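Spelled out, the chains give:
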Amino acid sequence: MTIVRIRNTISRVKRNHGTEYRLAVASRVVAAIVGGYALSALATMFLSAALPMAVVSAVLAATLLSFLMYAAAVVWVFAAATAGRAWLGLLICAVALVFGLLAFKTS
Amino acid sequence: MAWLHTWSGLLLGWLLFTIFLAGTASYFREEISRYMRPELAAVAFDPVRAADAAQRYLTRHASAATRWSVTLPSARNPDELSVFWRDAERRSHSHLVDVRTGERALVRDTRGGDFFYRLHFDLHYVSARTARWIVGFAAMMMLVAIVSGVITHKRIFRDFFTFRAGKGQRAWLDAHNVLAVLPLPYHALITYTGLVTLMFMYMPWGVSSQYGEKTTPFFDTVFGQSAALEPSGDTANLAPLGGMVNRAQRHWQGAHAGFISVSNPGDRAARVDVRRGQGCDVAVSTAGIEFDHRGVWLRELDSSGGAARVREVLYGLHLGRFAPPVLRALLFVLGLAGTAMVATGLVLWGVKRSRSRERAGAGDRVVAVLNVAVVAGLPLAMAALFWANRLLPIEMNDRAEWEIHAFFVVWAGALVMALVRCDQYGWRRLLGAAAIAFAGVPLINALTTERGLIHSLVSGDWLFAAFDFAMLTIAVVFTAAVWLLGSRQNAGREVPRVLRKAEV
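Which chain is which? The protein sequence lines are A and B, in order. Under our numbering, the letters of the first sequence match residues 1 to 107, in that order. Under our numbering, the letters of the second sequence match residues 108 to 611, in that order.
Everything labelled a hint here was simulated from the structure, so no lab data went into it. Any given hint might turn out to be false.
[Unchecked claim] Label pairs and their in silico Cβ distance ranges:
1) Leu91(A) to Gly470(B): 46 to 54 Å
2) Glu407(B) to Leu91(A): 45 to 53 Å
3) Val13(A) to Thr322(B): 53 to 61 Å
4) Leu68(A) to Pro347(B): 44 to 52 Å
5) Thr580(B) to Glu20(A): 26 to 34 Å
6) Leu91(A) to Thr322(B): 24 to 32 Å
7) Ala103(A) to Phe326(B): 21 to 29 Å
8) Ala103(A) to Phe366(B): 41 to 49 Å
9) Trp240(B) to Leu68(A): 16 to 24 Å
10) Gly18(A) to Ala573(B): 54 to 62 Å
[Said to hold, decoys possible] Listed next, the stretches of chain B that the computed footprint assigns to chain A, with coverage defined by at least 3 CB atoms under 8 Å from CB atoms of chain A:
11) 190-201
12) 304-315
Model, not experiment: these values are computed from the prediction. From the three backbone atoms N, C-alpha and C, an ideal C-beta is built for every residue, glycine too.
Isolated chain A (complex conformation) (with noise of 0.2 Å):
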């Protein structure tokens, strides 16, 4: 009985403190930051070509809404369920941004 529980404690520390659970975080913060930058870089970029108006607008228009789109993305990163799954959400939109722009680029 006794020693399970100690097992459970040990094990409850590890996923709370040890290196693993430090490696997590050293991710998510990473990702958060520069992963975080980068998307809402791309998605400015992107929307200074897609939306519907005057370029001057667009660029202001999408440039005033970045810092709320990193913010979303830096929730996001520490709202997902898993490290991984934080960057691979991170990717998929960044590829998805990727693609739009390579859409709008030759249109």
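Fit chain B to the supplied structure of chain A, relying on the hints for placement.
Just chain B now, with coordinates in the frame of chain A:
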């Protein structure tokens, strides 16, 4: 999500406290500047006369410059007329001109309220670029802290009305919540609009993706400017600037001019750009009139498009220049609430950790020391700036810089005091020092200038009187804080480990 909120708030909390406090002080930037230049007697607010005075000064001293910049007085600061130019060696010159004489203003060299304004985004001792990146990063963290704070807060409405006084960590949490939640629209707006003010630096990719290297047409549209002109080489006298300002102001139906930019002065291809002053509208104004060297009206300038206007409104909301006195006082209170929110968050962090069973580590001590040094030390340093403004010799070289050095030296001293004692006694000591420092400001003012409190009250100099009263009020607040902290100890309540006599 709570983890994200705690860590994003803590890691830059001390910087955010500084940004908030300096930024809040900046709501009274002009008033602080006037107090720090007691030699400037109140002049009637007259941009036309000021423009002529500036022109006289610049014609005499800056005839070789390719560009003159004149910041006209504002209604809140009618005596401050400043000119700027770069000489042939690209050295910059920034002088205050006396509106009445057109000569250099005989006033002590000081940055005035502009110091706090610049401090909150340009910091000091680092390049403006570096500082703005750091501040922008902090602002982004703040935005994330706000968003995650709202998500964390499951019982947001119930906690609105909860304040459990005197219960240690609970009380700090409730204080933090009230200060954060009640003025939440303000905090979110200030943080977001702060990012907007420097958005072209933080997020240039939209511009660069559409314009590449040639961004000038974009910015000319956004800021309502006309293309630059090459000098023709033929000299020609510049028509009186006052007349141009007058015509512009009549066109704007009473709105005052705030800024004049003259390119190629003394040349036939000179252009005078008279900009409308800030504060007439919520949005910052990009309206201007362009004249040629004879004063002939060339064109009206302004930004175009709804998105540009949105940017200007957001920018204007951050600056708060549009606010009449009562609204500005409210904004000031909200700014203080934001500052207190950051401060209570920082203290809460230390209190919460000390209650956990973990040993107090080196990190806890860093938090405790920095909390005292920043939260109590920064106000102390601000009072020290006013002391330095009155006490430093008028004829000193680089006097303005030395006032600022004094500010940072006192702040460093507070850090040293915090390193020695960061417990309850350490807090009381520094808060007490701040109380004495603020109480001393009106005293030093009365002793070193002719515009002491009694004189201000008698002669109706309401600005100086109000400022002295504000200093005394702040001193009272700090005294109350010292007293409250003392009574807590005497009541024998459980004092969090971090605040007990330092064990380390």
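Please write out, lowest number first, the hints stated earlier that are contradicted by the structure.
1, 5, 11
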